[in-house]
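> Protein chains in written order, with this note's numbering: chain Z, 794 to 945; chain U, 794 to 945.
No wet-lab data here; the hints were simulated from the structure. None of these values were measured; they are calculated from a predicted model. It is possible that part of the hints are untrue.
Just so you know, same-sequence chains aren't split out, so a pair can sit in one copy or run between any two.
As the list claims (entries may be wrong) - For lysine-lysine, the following DSSO-like pairs were computed, each having C-alpha atoms within a straight-line distance of at most 30 angstroms: (1) Lys920 to Lys824; (2) Lys892 to Lys920; (3) Lys824 to Lys933; (4) Lys928 to Lys824; (5) Lys892 to Lys808; (6) Lys933 to Lys892; (7) Lys920 to Lys808; (8) Lys920 to Lys905; (9) Lys905 to Lys928; (10) Lys905 to Lys892; (11) Lys920 to Lys933; (12) Lys824 to Lys808.
Given next are the chains, with one letter for each unit.
2 protein chains.
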Amino acid sequence: MPSDPFVATLEEWIKVSRHRLMRNFIDYARKSGLSMSHIGALFHLYHEGTCGVTELGNHLDVTSAAASQMLERLVQQGLILRTEDPDDRRVRQIVLTDKGNRVLEEGIRAQKMWLGDLTETLSAAEKEDITVGLKILIEKVRTLKQPVEFAN
Amino acid sequence: MPSDPFVATLEEWIKVSRHRLMRNFIDYARKSGLSMSHIGALFHLYHEGTCGVTELGNHLDVTSAAASQMLERLVQQGLILRTEDPDDRRVRQIVLTDKGNRVLEEGIRAQKMWLGDLTETLSAAEKEDITVGLKILIEKVRTLKQPVEFAN
DNA sequence: CTAAATAGTTAAGCGACCTAAAATATAAGG
DNA sequence: CCTTATATTTTAGGTCGCTTAACTATTTAG
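With the sequences and hints as input, model every part of the structure.
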């Protein structure tokens with residue numbers, strides 16, 4: 794129970810929206826047949842653009858052997874592309890394919906539909922008030938130091 | 794590219810916070826050693842309070858045999874309790890134990906820490922603006938019809 | 001009382017995914 | 001050139017989680 798009413802409101806909002814995001818995420822994972830590791834890998838690539846096998850393994854906290862095997866499956870499913878780094882031929886450059894990108898975007902679609910439903914219940918004045926607050930939040934989150942090993 | 798600036802802002806906020814929530818979630822899943830199904834089951838119980846084996850299987854989209862086996866593991870880990878329904882002795886009543894609750898709350902803590910960091914960067918006026926907007930959002934989400942089979 | 005339906009568990013088999021260890025290829029430093 | 005370090009893959013072996021099918025227990029309907 795935080796004393797700051799702002800913190801209480803923010804926590805409440807995160808709680809409410811987390812329930813929705815989690816459901817979307819879990820349902821999506823099951824429907825797409827992707828494991829936690831797969832999703833972790835695809836999202837890392839989605840945000841980072843490219844990375845090597847060992848690097849991805851570190852990120853997911855598995856051995857490079859495990860990462861190699863998992864990536865092989867993703868290659869076979871056509872979700873990622875694995876090419877040689879011309880600068881250091883020991884390294885593989887992993888990138889999402891168009892199909893991989895589409896699979897991820899699909900997981901995001903359910904959230905957009907939810908937002909659409911939400912928007913319909915709001916008046917113009919309410920939208921304006923919310924927009925003001927969210928714009929501040931977005932700006933601050935962007936400048937906030939990232940606790941994990943990569944940036945947004 | 795939505796024409797409504799409100800929708801654009803809301804989508805942007807969800808995008809920014811989703812990145813953070815996903816990372817928290819995936820890291821948490823790996824650290825706690827829980828599979829996607831485990832987490833799906835625990836969260837269902839967290840929100841619903843109790844349910845039967847087959848019911849949970851339907852929710853997670855697996856057979857009742859799979860649900861039974863998974864719940865057996867969760868029982869052994871002390872995360873859930875499985876008792877007989879006195880009204881229909883074929884049915885089992887599944888509930889979270891205190892330990893199960895603690896494990897879930899732990900997954901939520903990382904988010905609270907992030908919010909704490911965020912709060913420190915805000916002025917009182919900014920907090921006020923954000924609070925106004927979020928309170929509207931929370932209220933609307935609460936009254937929004939749930940698309941899935943359960944309520945918040 | 002008996003037959004059919006329902007809830008859950010158990011058993012066998014399979015694929016996914018992880019690890020450790022060995023193998024392969026490349027790079028970097030004397 | 002030779003050694004050592006680095007990046008990845010392959011192999012062998014174990015555990016997990018899923019399915020189908022068979023089985024037990026209980027309830028419901030006739």
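> With identical chains, the pair Lys920 and Lys933 could be close in the same copy or across copies; at 30 angstroms between alpha carbons, which is it: within, between, both, or neither?
both (20 angstroms within a copy, 11 angstroms between copies)
> At most 30 angstroms between C-alpha atoms: does Lys824 with Lys808 qualify within a copy, between copies, both, or neither?
both (24 angstroms within a copy, 21 angstroms between copies)
> Please work out whether the CA atoms of Lys905 and Lys892 approach to 30 angstroms or closer within one copy, between two copies, in both situations, or in neither?
Result: close within a single copy only, 20 angstroms intra versus 35 angstroms inter.
> Treating 30 angstroms as the Cα threshold, decide for Lys920 and Lys905: within, between, both or neither.
both (16 angstroms within a copy, 26 angstroms between copies)
> Between copies, within a copy, both or neither: which fits Lys892 and Lys808 at Cα up to 30 angstroms?
The answer is between: 20 angstroms across copies meets 30 angstroms, while 32 angstroms in one copy does not.
> Go through the copies and call it for Lys892 and Lys920: within, between, both or neither, with a Cα cutoff of 30 angstroms.
Classified as neither; 35 angstroms inside a copy, 41 angstroms across copies.
> Checking an output row: Lys920 and Lys824, CA cutoff 30 angstroms. Within, between, both or neither?
neither (33 angstroms within a copy, 39 angstroms between copies)
> Within a copy, between copies, both or neither: where do Lys928 and Lys824 come within 30 angstroms Cα-Cα?
neither (33 angstroms within a copy, 33 angstroms between copies)
> Checking Lys905 and Lys928: alpha-carbon separation at most 30 angstroms within a copy, between copies, both or neither?
both (18 angstroms within a copy, 20 angstroms between copies)
> Tell me, please, which holds for Lys824 and Lys933 at an alpha-carbon limit of 30 angstroms: within, between, both or neither?
Between. Shortest inter-copy distance 28 angstroms satisfies the 30 angstroms Cα cut-off; intra-copy 34 angstroms does not.
> Which holds for Lys933 with Lys892 at a C-alpha limit of 30 angstroms: within a copy, between copies, both or neither?
Neither way: Lys933 and Lys892 sit 33 angstroms apart in one copy and 35 angstroms across, limit 30 angstroms.
> Between copies, within a copy, both or neither: which fits Lys920 and Lys808 at Cα up to 30 angstroms?
both (21 angstroms within a copy, 18 angstroms between copies)
Violation of the numbered hints given earlier is confined to hints 1, 2, 4 and 6; the remaining hints are satisfied by the structure.
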